[in-house]
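*Asks:* As they're listed, the protein sequences go chains A and B. Going by our numbering, the first sequence opens with residue 1, and the numbers climb by one from there. Going by our numbering, the second sequence opens with residue 1, and the numbers climb by one from there.
For the record, the hints were derived by calculation from the structure and aren't laboratory data.
Just so you have them, the derived chain A footprint on chain B, three or more residues with Cβ under 8 Å:
1. 124 to 137
2. 177 to 187
Computed far set for chain B versus chain A, every beta-carbon distance over 10 Å:
3. SER89
4. GLY140
5. ALA164
None of these values were measured; they are calculated from a predicted model. No residue lacks a Cβ here, since even glycine has one placed at the ideal position from N, Cα and C.
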Amino acid sequence: MEKAKVSGWQLFVLMLLFELGTAIVINPGLDAKKDAWLAVLLGMIIGLLLFVVYFALYRLYPDLSLIGYGKKILGKYAGMSLGILYLFYFLYIAIRDLRDFGELLTASTYIYTPIFVINTIMILSVAFVLWHGIEVLARTGEFFFVILMLVGVVGTSLVLFSGQIDINQLRPILENGWMPIISTLPATTTFPFGEIIVFTMLLPYLNHPRLCLKAGLSAMSISGVLLTWVVAMDIAVLGIYVASRSAFPLLSAIGLIDMAGLFQRLDVAVVLTLIIGGFFKIAIFFYAALISATELFHVKKYTSLIFPLSIIVLLSSMSVASNSVDHIKKGVELVPFHIHLPLQVGVPIILLAIALIRRRMKSH
Amino acid sequence: MKQRILFIGLFSALILLAGCWDQNELEDIALVMGMGIDKTEDGLYDVSFQIVNPAQVSGGEMSQTSKGTAVTTYRETGQTLFETIRKISKEVPRKLNFSHMVVLIIGESLAEDDGLFEVMDFTERFYGFRSTAIVLISKGGPAQPILSILNPMEKIPAMKIQEASKKTAEVWGETTDQNINDVIQTLTTKSGGVSLSGIALLGDMQEGQNSSINEQAVPSTYIKLSGLAILQNGKLKGWLEDTEARGVSWVKNKIRKTVVTSTCEEEEDEGMIAVEVRNANTKLKPTINEGKRKITVNIKSEGTLQEVTCPLDLTDPQVIIDLNKQLAKVIEEEVSTTVKTVQEQETDILGFGEAMNQRYPKEWKKMKEEWPTTFSEMDVEINVDFFIRGTGLRTKPLILEKK
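Looking at chain A on its own, in the form it has when it is part of the complex (with noise of 0.2 Å):
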């Protein structure tokens, strides 16, 4: 495959717009309670650490991605598996993203609106941007980035300004102790901040890798302050008590904004904020497994993979829980522990520790 044309700051752009993805609309940590924010920036902490340890291997093997380099260190056959392990993985992920997507926008705004319709519309777009290629996203990020700031800067200023925010309901921090806090850590870390794995997947494809720690840490520390920001906004704005039971606190909370009777009935910016991330997490997601099975197969072009992936992931969006409730049950027990820790974090430290094992034993 050829080396796609992706500057450094395209690239931090990515990584911030698959970062604040549905995390900003949906908010994580909330288990937490009043302390939820917290939370996230403990998580993004760690985060932080897992992507020096994804940079570590990546500097080890800059030419391979994730899968090329799990071959190199764990051998033939069970590299292959981990590979295709790895290939559900981003998988399953796009899979659920787009569920996510399809839910959040069938409860808010298009109430009547068939689940399978926004879906299909979606992977449509998302199939269209990745045929012609990684960057083109980059550059349809690039512009969304604009708008999704100005949403942000815009939304949260009218908050500010409306007086809907009360600190006092921040208060007091750490009510419960620091165990609430620790308990929500690996769903926070997972989710959003670890998933920024799937970007090994696409590292060895671009011309000016270098970057990709100076981009991958500021994308994630930037886009990790604003969700602490969001998280403890929305319940200062809400009170945990409301927060907690939101489906999308963001919603509920820039839906409360009114500015002498002029500035009120914002959600529609919020609907926006979600169709942008939500876009940019399904594209980055499936891209990877798009060249997880470019490689694994060895598939001469991924378009040519497009196409029945996209089948794929459409119905499988709709197969993968029943309802709304089953969905998001699945993405608070099952993948934060199951799927997510082992492959976000147990995978990568042990194939790091093997080829560091490895590689001191061939110098000496």
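We have chain A; now place chain B onto it with these hints.
*Replies:* Positioned in the frame of chain A, the structure of chain B alone reads:
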């Protein structure tokens, strides 16, 4: 060729992108401005909707000539609220749209017997509602008649209620214009008390429903904000009236502007003074001293003299200092009466529990179980500072010139 197929494919997607399933044509929707919830004797919800008649409120020539009412109130019963909203299609030829609803009135007896929890679930779950609508409790009767009274100043009565509530909160401080979201937030705090403004109907209901009421210079029937309902665990326990209700706003730091009236110094019958309070700031300071819980309410406020009917030399700074003390005493008495009444009701609507929780999170966990009794027995100290900043456009009062 490939591009052309792609182009056609994407173009046909545009048809879907318009979101045909969720279309709402303007001429198919009925805007609900206010909603009232009561319960019938059989335990069914009796819901009334105040719906705008578009022709009557639109600008231009039409509104000048027509004589109908600007709103119509429909009612429907059902076992659940959502059921009534859809069942009302039998009467209303359009689909109800709630996104411009400004008031939600809950019947007094419903609030007393059933409480708010059941009703409020629907208001936060249903996609069509906005949590910016203010919530009121009808005082001395059901909610339905209140929604059906017309008035001349605002074509849409629900808007009148909303404006009156906002203005009162702004210049008088007795009501607290709480919206759906505020109510749900306070319902779910563990100290359990909620206060909501009341609204009452005065005069004859039949007359107030006729559009000819708008031709009277002195309306014989009208609706008026009145009192503050105290709710414990979502159920109505009692009412606070007039200045007692304003005392709650003082404690909760919700006073933006208000008027405080007092006699001049201690002597009665000498005349009165009125000041407009323009700035008020209240801080709650909880303390636990050897197991004894206490709340100190510190109020700092300032304002301007607006009316003086006693012979005082207002050019003398010492007189102003005395008046400051006198006014502070009046406010202190007002607040302490409120606190006593609320303590007797064993319902924490003053936010003392939250203040305790924030200051003493560990101790709070122990005391929150029996909070209503703790609340009713605890010491409350009230400190008020008042500063007169100006005396209006005149210095010495007119009464000094009276010979």
